[in-house]
Amino acid sequence: MDPTVVGYLALEGLVVGSVYALTALGLALVYGLLRVLHVAHAGVYAVGAYCGWIAFDFGHSLTLALVAGAAGAAVVGVFLDWWFYRPLADRPPLVPLIGSIGLFLAAGDLLRIVFGPYQHSLPAMNAAPLVSVGGVTVNATQIFVLAGTIVLLLVVYWISAWTRLGLAWRSIAQDRETAAAMGINIPRHTALAFAVASAIAGIAGVMVAVYYNQLSPTMGNEPAYKTLAIVVLGGLGNVWGTVAAALLLGVVESIAGAFAGNYFPPQAVAFVALILVLLFRPQGLFGR
Amino acid sequence: MCKRLLLALALVVSPIIGAQAQDTVTVGVLAPLSGFAAADGKSAVTSIRLAAKTINDRGGLMGRKIDLKVYDDQADPKQAVNFARRLVEQDHASFVIGASYSGATLAAAPVLNKNHVPMMAAYAVAPDITMDKPYVFRVGLMGPVEGRVGAMLAGKLGASKVGMVNLKNDFGQALQQGFESQAKSQGLDIVFSDTYPLGNKNFTSMLVRMKTKQPDVVYASGYYSDAANLVRQAQSVGIQAPIIGQDGYDSPKFIELGGDAANGVYITTQLDRDSDHADVQHFLDAYKSETGEAADMVGATAYAALEVMAKAVDQAGSLDGDAVRRTLAGTTDVETVAGHVYKWNDHGDPIKTATVQVIRNGEFHRYMNVTDQDLLTP
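The listed protein sequences derive, respectively, from chains A and B. Just so we're aligned, residue 1 is where the first sequence starts under my numbering, counting upward by one. Just so we're aligned, residue 1 is where the second sequence starts under my numbering, counting upward by one.
Hints in this document: simulated from the structure, not taken from any laboratory. For clarity, every value in this text was computed on a predicted model and none was experimentally measured. Don't be surprised by glycine CBs; every beta carbon is placed ideally from N, CA and C. Mixed in with the good hints, there may be bad ones.
[What the hints assert, rightly or not] Cβ-to-Cβ under 10 Å is the rule here; a few derived chain B residues that face chain A: (1) VAL70; (2) SER205; (3) LYS253; (4) GLY258.
Model the full assembly from the supplied sequences, consistent with the hints where possible.
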């Protein structure tokens, strides 16, 4: 096999996997704290992309688009926690799950009704090759997604390992009652988790919109199901396992698409992996 | 007293309503206004309304105004069947414009054919739509014909080695089949060929494998949002060979989403923006002033479908399904906003011109018009 082809496959896989990682990470964080699968997170991601698009149209600045995407998504995320998940906290877990699926569908249709069924463009960068690494050309959008993902992952690592907020999240995830008894304000820390998770998803939405130069009302559909598979692969609620699973899925999909795409759709990799993991390793690839 | 008044009112009003019904011609429209194909449905219905307005402004159909009955079939065959029945049974449509995708149009066609209601399909490509249905016609180009035109263009661009990227659905397969048969007769060498599923976003690995075969021209089938990704990624991996697309690319959105990478892309299509034909310029201007956006191929074929039916009705001097059908079958040389139709063949498919447009400075422009009837006959 031609080594440059392998290089391109790895590059494409890492870029796609980075975006999976950023969206799935929020899902893992929320699951860790609430034990709820926050399917509407993919809707928050799409809303973030649209916020970034509006800001870019307005100011023609990528920084402004990223800030607007993060802020818009964070506001929606905190609102969902406060208005939707908190009132349902005492119901069986199926209730918030089904409601969350409904919210996700509503988000897509709302975007369609307000902004039209068409794709929109976010032309912040063009796709012309920028540098060549061993025969593999890399363009600005790919560097943007990879570098942005590394920065965001470092931020999340810093919050979770070095701040009191991270400590509080870990204690809530381990034992909610004891954490509350120790004086940790659970609603406040949960809201902050929603804010951080949603802001990251919003930035991921803007990144995808820049990478493909496209955003559409249905852009959340693919992350909606793939992130579910990823958080299970990563070991439910295990944030770093989730990140590793996301990158792995991106690369495997890229390779499967290149060599078996005609017989086996790469979109199905996530589900096959999900089924295999549930059968043989239900704690997840990286769970204990 | 009150009752008597109402009765009197009814007696006075009913002839007026009746007269109004007599003064209009009901034309059915099936188009996807919601769901995944909503953008195309919107373009088609906007264009049909413009065509109806143009016809009504010049006196209507045999002196009667066109009254459009538009149903949103969501490009779903089940919905299309139900709405086709409603158009026949409740609305008593004189004829129907099929402005939806192949699946939905294919489902509606037999219902209309059985009830002897003529149908004109706009941009649906499936060959079966018109097959064995004397009342069903089409105004758009057939997939295999467009594929042949693509291969002719590849030869014209001086290519001897072609790389193919094919969309895996009926549209992509029809194009591929047409392209391959013509490529063979022209002696073109297909050095790479692979397929992708609808909605695919990542073409890099496919394009890199193609690049190693050094094609002179890339023939890639698809719809504009996937195609925009494809041309961006071709630019990113450094493929310099010209890319040939088809009317699936034909949307101002392709240029918007493809950005700089869209420049230099050729498409085989039906709407010639640089046509000096008055109807085409009228359509382009009217669409632009109605929506603020540039018209596309879907809109042009939908506009042409109503235009052609109106001409047939006027020529037949009757709204009777049989008379309209016979007139259409015998019609030759009709100029439409979606090209010149030489005639309709026995299936009801058009033998018509195609146009090759190239994108320069973010705009579609004519590269050449294709009038070779041997190449264009389905």
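Comparing the hints with the structure gives:
With a cut of 10 Å, the hint placing B/VAL70 at the interface with chain A is violated, because the nearest CB-to-CB distance is about 16 Å. Interface restraint check for B/SER205: the shortest CB-CB distance to chain A comes to about 4 Å, inside 10 Å, so the restraint holds. Among the interface hints, the one on B/LYS253 holds; its C-beta lies about 6 Å from the nearest C-beta in chain A, closer than the 10 Å criterion. Evaluation of the B/GLY258 hint against chain A yields a held restraint, the C-beta minimum of about 8 Å falling below 10 Å.
Going down the numbered hints, you'll see the structure goes against just number 1.
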